[in-house]
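2 protein chains.
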Amino acid sequence: MHRIAVIPGDGIGPEVIEQALLVLDKVSSKFGVRFEYIFIDAGGCAIDKYGVPIRDEDLELVKKCEATLLGAVGGPKWDGLPGNLRPEQALLKLRGGLKVYANLRPAVLYDELKDSSPLKKEIVDRGIDILVVRELIGGMYFGPKGREVKDGDEAAYDTEVYSKSEVRRIAKVAFEAARKRKKKVTSVDKANILESSRLWRETVEEVAKNYPDVELSHMYVDNASMQLVKDPSQFDVILTSNMFGDILSDEASMIVGSIGMLASASLGEGKIGLYEPIHGTAPDIAGQDLANPIATILSAAMMLRYSFNMEDAAKAIENAVKIALKEGYRTRDIYTENCKLVGTKQMGKIICENI
Amino acid sequence: MHRIAVIPGDGIGPEVIEQALLVLDKVSSKFGVRFEYIFIDAGGCAIDKYGVPIRDEDLELVKKCEATLLGAVGGPKWDGLPGNLRPEQALLKLRGGLKVYANLRPAVLYDELKDSSPLKKEIVDRGIDILVVRELIGGMYFGPKGREVKDGDEAAYDTEVYSKSEVRRIAKVAFEAARKRKKKVTSVDKANILESSRLWRETVEEVAKNYPDVELSHMYVDNASMQLVKDPSQFDVILTSNMFGDILSDEASMIVGSIGMLASASLGEGKIGLYEPIHGTAPDIAGQDLANPIATILSAAMMLRYSFNMEDAAKAIENAVKIALKEGYRTRDIYTENCKLVGTKQMGKIICENI
Ligand SMILES: [Mg+2]
Ligand SMILES: [Mg+2]
Numbered sequence: 001m002h003r004i005a006v007i008p009g010d011g012i013g014p015e016v017i018e019q020a021l022l023v024l025d026k027v028s029s030k031f032g033v034r035f036e037y038i039f040i041d042a043g044g045c046a047i048d049k050y051g052v053p054i055r056d057e058d059l060e061l062v063k064k065c066e067a068t069l070l071g072a073v074g075g076p077k078w079d080g081l082p083g084n085l086r087p088e089q090a091l092l093k094l095r096g097g098l099k100v101y102a103n104l105r106p107a108v109l110y111d112e113l114k115d116s117s118p119l120k121k122e123i124v125d126r127g128i129d130i131l132v133v134r135e136l137i138g139g140m141y142f143g144p145k146g147r148e149v150k151d152g153d154e155a156a157y158d159t160e161v162y163s164k165s166e167v168r169r170i171a172k173v174a175f176e177a178a179r180k181r182k183k184k185v186t187s188v189d190k191a192n193i194l195e196s197s198r199l200w201r202e203t204v205e206e207v208a209k210n211y212p213d214v215e216l217s218h219m220y221v222d223n224a225s226m227q228l229v230k231d232p233s234q235f236d237v238i239l240t241s242n243m244f245g246d247i248l249s250d251e252a253s254m255i256v257g258s259i260g261m262l263a264s265a266s267l268g269e270g271k272i273g274l275y276e277p278i279h280g281t282a283p284d285i286a287g288q289d290l291a292n293p294i295a296t297i298l299s300a301a302m303m304l305r306y307s308f309n310m311e312d313a314a315k316a317i318e319n320a321v322k323i324a325l326k327e328g329y330r331t332r333d334i335y336t337e338n339c340k341l342v343g344t345k346q347m348g349k350i351i352c353e354n355i
Numbered sequence: 001m002h003r004i005a006v007i008p009g010d011g012i013g014p015e016v017i018e019q020a021l022l023v024l025d026k027v028s029s030k031f032g033v034r035f036e037y038i039f040i041d042a043g044g045c046a047i048d049k050y051g052v053p054i055r056d057e058d059l060e061l062v063k064k065c066e067a068t069l070l071g072a073v074g075g076p077k078w079d080g081l082p083g084n085l086r087p088e089q090a091l092l093k094l095r096g097g098l099k100v101y102a103n104l105r106p107a108v109l110y111d112e113l114k115d116s117s118p119l120k121k122e123i124v125d126r127g128i129d130i131l132v133v134r135e136l137i138g139g140m141y142f143g144p145k146g147r148e149v150k151d152g153d154e155a156a157y158d159t160e161v162y163s164k165s166e167v168r169r170i171a172k173v174a175f176e177a178a179r180k181r182k183k184k185v186t187s188v189d190k191a192n193i194l195e196s197s198r199l200w201r202e203t204v205e206e207v208a209k210n211y212p213d214v215e216l217s218h219m220y221v222d223n224a225s226m227q228l229v230k231d232p233s234q235f236d237v238i239l240t241s242n243m244f245g246d247i248l249s250d251e252a253s254m255i256v257g258s259i260g261m262l263a264s265a266s267l268g269e270g271k272i273g274l275y276e277p278i279h280g281t282a283p284d285i286a287g288q289d290l291a292n293p294i295a296t297i298l299s300a301a302m303m304l305r306y307s308f309n310m311e312d313a314a315k316a317i318e319n320a321v322k323i324a325l326k327e328g329y330r331t332r333d334i335y336t337e338n339c340k341l342v343g344t345k346q347m348g349k350i351i352c353e354n355i
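Line order of the protein sequences matches chains A and B. Residues in the first sequence are numbered from 1 upward in steps of one, following UniProt numbering. Residues in the second sequence are numbered from 1 upward in steps of one, following UniProt numbering.
Calculated from the structure, these hints are not laboratory results. There's no promise every hint is true.
Pairs involving identical chains hold if they fit within one copy or between any two copies, as the list cannot separate such chains.
As the list claims (entries may be wrong) - In silico lysine-lysine, PhoX-like type, Cα no more than 25 Å apart, as pairs:
| id | residue 1 | residue 2 |
| --- | --- | --- |
| 1 | K326 | K120 |
| 2 | K230 | K340 |
| 3 | K77 | K184 |
| 4 | K315 | K182 |
| 5 | K172 | K150 |
| 6 | K120 | K340 |
| 7 | K230 | K326 |
| 8 | K145 | K30 |
| 9 | K209 | K77 |
| 10 | K345 | K326 |
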């Protein structure tokens, strides 16, 4: 029996979570394992209900679960609120509370979806299989921030801070992951200008000494944003900071065709993990059975793999997704000519049937 | 007579500057105007000669010129130096010293170079004509930075700071530019997380009230990095901060095919301007007559337009570049099948002949 905190969230969150839970139910009966779901409100829906992005008692409940499966939070409805009351604050609190410092985002190009990539055939034909390892609970998104008035001119600041121990632990995750892949780490920073990037680079080089079998290179973030478009096949593992990782992992998602396909795992010490799709709440299509549930379903697969040690079940889900794609089923976001257009629920059902 | 500070810099800098000066010489004789060139060492070459990225007396000399034309600075040779002795420090000092707060980077897709874009034909066929307006002397690249040790753990920090007056003046540049284009400004920030971004957004909305004829929208930076790849035709003017602009303008450069084609102007109050190609020093191809001089030549054209009010001469250069491309001449970086491969010097010569 595994206790899972389930956070549907806002926008398309509840719809895609619903399908992921159906998939987990199928896994449950097929693999003879029981899951207990603890439903938690977080994000905009929690603001509406309780006036806060996530209640402290709910955060405590989440911490008592083995893993958390999250849909997405946020939306224009709550955009006018002050910073500490934004739905996104729930994500920061969850990541901080669970101390999940390593965000793993695979960006994989499926053969069947090559046409969905915005890149030219000759570039995608070289293949795309990138794992972005993003530091998740440090840097500018968590550093000191505020406002001040100087000579009548209002100013606002945010602080990018990294300590060596923070960089060390995320670098280790990247090198360990690279060992199981193509043994190549590209560390992305802005060391030609930022002091925090220089400390980042020094520390990554120190950690690299323990991984002589892994090839390390450094790249400036502005160059990385170009190289991802120019030749994504050059990358294996991209190791980077919270903010740069936010930008680059989304760019990496786009070049493989659809952000609706991409899962993520956020890992801390031990087996604790927070699993969520990369995409947002997409309020424009919420509640219309249009959302692609695959990213959330694949996030559930990552949960089975990293938190529950259920490699076979994880593979069964991933394989079921591949079969659905091979059979030509597509949600709107990945639809191309001559494919079969399906909604959120039907896509979930087809994947369940393939498990 | 116009006094121009000329900073060849490092790597391919001197080669591409040489061709731009030949083009200016041609303009000089054709349009009956005299240019005086004041050569200044800055970047790695200045470190080698004087031990500093740029000498104070040289910075003063630059300030006395009407405009500055710069190649590129930096290279792996100086990467090991402490932050304040990096070649890039020269750029920051120049930008800060000249108070050029607005960096204008056009990313235009030339019909002849459509094949060089890494994006699919159906995307580039919609056209790409983006002007990135990047704040250049504020934000994290100039904010307080340093190191500190806490409980034996070394940390480093950088600070993103923006005041309302800084945001106001750069926003005005973007709205003014948009008025002369498609009347559309996309302001890019991370207002869902950063306090500085929230101040940015508020201020941009205040400025927008004076431009009711210009359409303003806001976009998060991670989404912008995706949208640039997915559908660049949606953008007209992108207004953003120093750091986000560094990343996004390089990405915008890549999607139009070659960074070797793209010029930039950095403007302050009055007619003062710093003109430079977007590309770096490319040390791997330096001194081999392989670099594309077009970005620097087009930067010289921007100088004629913005600092010297010589619109006709600027157009003559831009037209000469188009003719060279139409006739099939290409440097290595933009070469495609059935074109005529030329070196740096020959490309410069052909463009001169077309003026
Ligand atoms: Mg993001
Ligand atoms: Mg750059």
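These are the hints, each one checked on the structure:
1. K326 with K120: both (22 Å within a copy, 23 Å between copies)
2. K230 with K340: Between copies only: 23 Å across chains, 31 Å inside a chain, cut-off 25 Å.
3. K77 with K184: between (42 Å within a copy, 24 Å between copies)
4. K315 with K182: within (20 Å within a copy, 50 Å between copies)
5. K172 with K150: Between. Shortest inter-copy distance 22 Å satisfies the 25 Å Cα cut-off; intra-copy 42 Å does not.
6. K120 with K340: Answer is both: 24 Å inside a copy and 23 Å across each meet the 25 Å cutoff.
7. K230 with K326: The answer is between: 24 Å across copies meets 25 Å, while 28 Å in one copy does not.
8. K145 with K30: neither (49 Å within a copy, 55 Å between copies)
9. K209 with K77: between (49 Å within a copy, 22 Å between copies)
10. K345 with K326: within (18 Å within a copy, 52 Å between copies)
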